[in-house]
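*Asks:* One letter stands for each residue in the lines below.
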Amino acid sequence: MMKPQSEAELAEVVAGANGPLRIVGGGTRDVGRPVEGEELSTSGLSGVTLYEPGALTLVVRAGTPLGEVEAVLAGEGQRLAFEPMDHRGLLGTSGEPTIGGAVAANVSGPRRVQAGACRDFLLGVRFVDGAGRVVANGGRVMKNVTGYDLVKLMAGSWGSLGVLSELSFKVLAIPQAEATLVGRGLDPEAGVKALSVALGSPFDVSGAAHLCGGAARTQVRIEGLEASVAYRRDRLKELLPGFEAVEGADSAALWAEVRDVAPFAGQAGAVWKVSVRPSDAPGMCKALAEGGLAHQAILDWGGGLVWLLVPETGDGGAAAVRGQVAALGGHATLVRGSAALRNTVPVFQPEVPALAALSRGLRAKFDPRGILNPGLTG
Amino acid sequence: MQMPEPNTAILARKDRVVARLRDVLPGGAVISDPAETRAYECDALTAYRCAPMVAVLPGSTAEVSAVLKICHEEGVPVVPRGAGTSLAGGSLPTADCVVLGVSRMTQVLETNYADRYIRLQTGRTNLSVSGAVAEADFFYAPDPSSQLACAISGNIAMNSGGAHCLKYGVTTNNLMGVTLVLMDGTVVEIGGAHLDAGGLDLLGVICGSEGQLGVVTEATLRILRKPEGARPVLIGFDASETAGHCVSDIIRSGILPVAIEFMDRPCIEACEAFAHAGYPMCEALLIVEVEGSEAEIADQLDRIIAIARTHDPVALREAGDADEAARIWLGRKSAFGAMGQINDYMCLDGTIPVSSLPEVLRRIGELSEEYGLGVANVFHAGDGNMHPLILYNANTPGQLELCEALGAEILKLCVEVGGCLTGEHGVGVEKRDLMLHQYRPVDLEAQMAVKDVFDPEWLLNPAKVFPLTSSEARRMAAE
Numbered sequence: 001m002m003k004p005q006s007e008a009e010l011a012e013v014v015a016g017a018n019g020p021l022r023i024v025g026g027g028t029r030d031v032g033r034p035v036e037g038e039e040l041s042t043s044g045l046s047g048v049t050l051y052e053p054g055a056l057t058l059v060v061r062a063g064t065p066l067g068e069v070e071a072v073l074a075g076e077g078q079r080l081a082f083e084p085m086d087h088r089g090l091l092g093t094s095g096e097p098t099i100g101g102a103v104a105a106n107v108s109g110p111r112r113v114q115a116g117a118c119r120d121f122l123l124g125v126r127f128v129d130g131a132g133r134v135v136a137n138g139g140r141v142m143k144n145v146t147g148y149d150l151v152k153l154m155a156g157s158w159g160s161l162g163v164l165s166e167l168s169f170k171v172l173a174i175p176q177a178e179a180t181l182v183g184r185g186l187d188p189e190a191g192v193k194a195l196s197v198a199l200g201s202p203f204d205v206s207g208a209a210h211l212c213g214g215a216a217r218t219q220v221r222i223e224g225l226e227a228s229v230a231y232r233r234d235r236l237k238e239l240l241p242g243f244e245a246v247e248g249a250d251s252a253a254l255w256a257e258v259r260d261v262a263p264f265a266g267q268a269g270a271v272w273k274v275s276v277r278p279s280d281a282p283g284m285c286k287a288l289a290e291g292g293l294a295h296q297a298i299l300d301w302g303g304g305l306v307w308l309l310v311p312e313t314g315d316g317g318a319a320a321v322r323g324q325v326a327a328l329g330g331h332a333t334l335v336r337g338s339a340a341l342r343n344t345v346p347v348f349q350p351e352v353p354a355l356a357a358l359s360r361g362l363r364a365k366f367d368p369r370g371i372l373n374p375g376l377t378g
Numbered sequence: 001m002q003m004p005e006p007n008t009a010i011l012a013r014k015d016r017v018v019a020r021l022r023d024v025l026p027g028g029a030v031i032s033d034p035a036e037t038r039a040y041e042c043d044a045l046t047a048y049r050c051a052p053m054v055a056v057l058p059g060s061t062a063e064v065s066a067v068l069k070i071c072h073e074e075g076v077p078v079v080p081r082g083a084g085t086s087l088a089g090g091s092l093p094t095a096d097c098v099v100l101g102v103s104r105m106t107q108v109l110e111t112n113y114a115d116r117y118i119r120l121q122t123g124r125t126n127l128s129v130s131g132a133v134a135e136a137d138f139f140y141a142p143d144p145s146s147q148l149a150c151a152i153s154g155n156i157a158m159n160s161g162g163a164h165c166l167k168y169g170v171t172t173n174n175l176m177g178v179t180l181v182l183m184d185g186t187v188v189e190i191g192g193a194h195l196d197a198g199g200l201d202l203l204g205v206i207c208g209s210e211g212q213l214g215v216v217t218e219a220t221l222r223i224l225r226k227p228e229g230a231r232p233v234l235i236g237f238d239a240s241e242t243a244g245h246c247v248s249d250i251i252r253s254g255i256l257p258v259a260i261e262f263m264d265r266p267c268i269e270a271c272e273a274f275a276h277a278g279y280p281m282c283e284a285l286l287i288v289e290v291e292g293s294e295a296e297i298a299d300q301l302d303r304i305i306a307i308a309r310t311h312d313p314v315a316l317r318e319a320g321d322a323d324e325a326a327r328i329w330l331g332r333k334s335a336f337g338a339m340g341q342i343n344d345y346m347c348l349d350g351t352i353p354v355s356s357l358p359e360v361l362r363r364i365g366e367l368s369e370e371y372g373l374g375v376a377n378v379f380h381a382g383d384g385n386m387h388p389l390i391l392y393n394a395n396t397p398g399q400l401e402l403c404e405a406l407g408a409e410i411l412k413l414c415v416e417v418g419g420c421l422t423g424e425h426g427v428g429v430e431k432r433d434l435m436l437h438q439y440r441p442v443d444l445e446a447q448m449a450v451k452d453v454f455d456p457e458w459l460l461n462p463a464k465v466f467p468l469t470s471s472e473a474r475r476m477a478a479e
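Those protein sequence lines, which keep their order, are chains V and B. Position one of the first sequence corresponds to residue 1 (the numbering used here), numbered consecutively onward. Position one of the second sequence corresponds to residue 1 (the numbering used here), numbered consecutively onward.
Among these hints, one or two may not hold up.
Only pairs whose alpha carbons sit at most 20 Å apart, straight line, appear in this in silico DMTMM-like list of lysine to aspartate or glutamate [to be verified]: (1) B:Lys226 / B:Glu366; (2) V:Lys237 / B:Glu294; (3) B:Lys167 / B:Glu73; (4) V:Lys365 / B:Glu472; (5) B:Lys226 / B:Asp344; (6) V:Lys237 / V:Glu312; (7) V:Lys193 / B:Asp137; (8) B:Lys333 / B:Asp344; (9) B:Lys226 / V:Asp234; (10) V:Lys365 / B:Glu73; (11) B:Lys412 / B:Glu366; (12) B:Lys333 / B:Glu318; (13) B:Lys333 / B:Asp323; (14) B:Lys14 / B:Glu73; (15) B:Lys167 / V:Glu226; (16) B:Lys226 / V:Glu238; (17) B:Lys167 / V:Glu83; (18) V:Lys237 / V:Asp250; (19) B:Lys14 / B:Glu36; (20) V:Lys365 / B:Glu445; (21) V:Lys3 / V:Asp30; (22) V:Lys365 / B:Glu366; (23) V:Lys365 / B:Glu318; (24) V:Lys237 / B:Glu189; (25) B:Lys167 / V:Glu290; (26) B:Lys69 / B:Glu228.
Far from chain V by the CB rule (all over 10 Å, computed), these chain B residues [said to hold, decoys possible]: (27) Tyr48; (28) Ala193; (29) Ser368.
Because the hints were derived from the structure by calculation, they are not lab data. These numbers come from a predicted model, not from an experiment. We put the CB at the ideal spot given by N, CA and C, even for glycine.
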């Protein structure tokens, strides 16, 4: 394993590589087609470079553990508002998730539906491309239209365009209070309808999820100043008859569970992450069941993000899930599956030829030798 | 302003190109008479003008595709154009180009309140998007000052923002999908009505690429439910630096106003003379707006006022009702018009870390004295997007050049303190040659590599964004 201690060393390592590299942050997000290659760890690139709470800005090296980042921010009453998921429970991995890993996978939690994704909070990147060149893009200010926005391109590129070395973020204050309205026993259609009502209200909902199944739970979160949360909680109760309010730490626990897809963590099976129009989610789940794909489902993002737990037999539900996505619009990623399954089924949504050509073209430009996580994205 | 010499070989093909365009577009959609193409000779950066060879106004994605296919085959550069409100010369034509305007494409294709999006043709103006969903109490958040006139296509090209971006983000944070026509006429759909498209974030790189990667003909935009209400407070200070510190303290306190606007004395005086908004005469004014229910607004304003009081404000006016709120905004919203009435000015668009605000204001003051030109400051302080207005007299020989030199100094200062050359207007031709102050050649290479992939012949809006010397080899190779 190679573990450079500085960006310059990272650039040297990549420039000098004579074979494929498997890029690893904390090693907790083992997603994608398994990569054969020498392991390149970013964990030596660690530490906060600059933190200005008054400007809501944090600059941090890519290999810094997420826990460390969150602790530094919490010290000033701030946080990463995109609420990055911890994949360890779901994937059964160990180690420490890194901030670079979260960006490479564009990992966004339940607040996505209101606040935006990881990529929306990423202001600047420094990375080493496949030729060993150090490239900088963006900066550390919230508004920047100086040239192309490669920052977004790097988020969610799974290390296939460059190895991230340093990242800058917009951070936000930890709100004074949070509350969650919980409804029980709704079917998916009624659940998503309730989420849609909440998200279509003026009450600034920052989380909207429905956990399907026997003990179905529909939950809507609000955050902010204490008096404001109390006010909005009461108004939402009027809009969502039968929902009960849960406050503070109990509320936070409900969202950590959704964020980390905790209900699927201890269970066997393949796990799909599907993105569709929120109102299409219940119909999709119904069609999958009618088509013979037994599954459990968690609907986040007002219903737009569907987590599916399916038996890991045959193609792990690939044909059925991708068939639905093709009909509805959206995309599906096989987030958990055996190496054998991930070697046979495309893990990421196959692109139409014109888009695939653009993606291929970009990878060829940024990684001309094809050595950065080759094959991982399919 | 240096632009590449028009390609005489292309000009020689004009008749054939026009004929081919007329084959695929309805009558009236191809404008080739030199008297009429002059209407497209500039955008809102009127200092630079050049009538295009042809202008076309297609009405559909299919027509845009047909036009681009022809231009691709003929090797004709294409300059895409929305409403022509670019302040950076983003749609400045060259004499040998086809201007492709999407202004006839204004249809709303779908509104979906349950899933909270709108799909439309991108010639539609920004404000009319909110108008289209107002009946359901929804709105489209990004609000550039030109929102009455500017088109969504241009907003996407420039990743536009506005006063309310501190809370709601800029265009890229509210864009879910596009229909993109590549230079060879290929039509691709990127993203859609679902959040976070799979694969590489091509949507993210299209947004803000200044019309150089493809022509966006349709877009899916996130719409939001309107808050119950909003109200501003006006706070005056006897020093700009104090106002800057107050902005930092408000942001740090955990309150997220929807807007924090800043004006300095020259700007206050001009706005007051123009709009009679009742502004106090002081060195700096902040307008801070918050949203929510009446009780929430009152609570937040109380907190903001308490923070402001620790900075000894010389004036403090809380809007009691809608009329007072409108009066507080009136001066700010007429700032550009007011300044234009008293003087010629050049409007800059640099961004700085909010923490550098006091230092940057001080140094702008010093530079202003050094150059002997007045500078008025009005800007979105919450997100550090500054718009220094340099006052000069266009009729005095040498003043424009002096003004440009001072502008460049100020933008370099923004970069020096950790900011950037442009926060919302874009690079266009205006700041093209300053790019090497923010980025190293290797950084620009990486950006140009993206263009190589989307538009290998560099035919789309080719002489923009990158310094001419940096892009020269690519543009030459294309010819």
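*Asks:* Hint by hint, note whether the structure agrees.
*Replies:* Status of the hints after comparison with the structure:
1. B:Lys226 / B:Glu366: Answer violated: Lys226 (chain B) to Glu366 (chain B) is near 43 Å, above 20 Å.
2. V:Lys237 / B:Glu294: holds, 19 Å
3. B:Lys167 / B:Glu73: Since the Cα atoms of Lys167 (chain B) and Glu73 (chain B) sit roughly 45 Å apart, the hinted pair is violated (cutoff 20 Å).
4. V:Lys365 / B:Glu472: The given pair, whose Cα atoms are some 19 Å apart, holds under the 20 Å limit.
5. B:Lys226 / B:Asp344: Outside the cut-off at roughly 38 Å; violated.
6. V:Lys237 / V:Glu312: violated, 40 Å
7. V:Lys193 / B:Asp137: holds, 18 Å
8. B:Lys333 / B:Asp344: holds, 18 Å
9. B:Lys226 / V:Asp234: holds, 18 Å
10. V:Lys365 / B:Glu73: violated, 25 Å
11. B:Lys412 / B:Glu366: Since the Cα atoms of Lys412 (chain B) and Glu366 (chain B) sit roughly 14 Å apart, the hinted pair holds (cutoff 20 Å).
12. B:Lys333 / B:Glu318: With Cα atoms ~18 Å apart, Lys333 (chain B) and Glu318 (chain B) stay inside 20 Å; holds.
13. B:Lys333 / B:Asp323: holds, 15 Å
14. B:Lys14 / B:Glu73: Distance ~13 Å between Lys14 (chain B) and Glu73 (chain B) Cα, so the pair holds.
15. B:Lys167 / V:Glu226: OK: Lys167 (chain B) and Glu226 (chain V) at ~19 Å, within 20 Å.
16. B:Lys226 / V:Glu238: The hint holds at about 18 Å.
17. B:Lys167 / V:Glu83: holds, 17 Å
18. V:Lys237 / V:Asp250: Given that 20 Å is the threshold and the Cα spacing comes to 18 Å, the pair holds.
19. B:Lys14 / B:Glu36: holds, 15 Å
20. V:Lys365 / B:Glu445: holds, 10 Å
21. V:Lys3 / V:Asp30: holds, 18 Å
22. V:Lys365 / B:Glu366: Violated. Lys365 (chain V) to Glu366 (chain B) sits at ~45 Å, over the 20 Å cutoff.
23. V:Lys365 / B:Glu318: Violated - the C-alpha atoms of Glu318 (chain B) and Lys365 (chain V) are around 55 Å apart, more than 20 Å.
24. V:Lys237 / B:Glu189: violated, 39 Å
25. B:Lys167 / V:Glu290: violated, 43 Å
26. B:Lys69 / B:Glu228: violated, 48 Å
27. Tyr48: Non-interface label on Tyr48 (chain B) holds, nearest chain V Cβ at 19 Å vs cutoff 10 Å.
28. Ala193: Incorrect as stated: the minimum Cβ-Cβ distance to chain V is 5 Å, not above 10 Å.
29. Ser368: With a cut-off of 10 Å, Ser368 (chain B) remains clear of chain V, as the shortest Cβ separation is near 23 Å.
Hints 1, 3, 5, 6, 10, 22, 23, 24, 25, 26 and 28, counting from the list given before, are not met by this structure.
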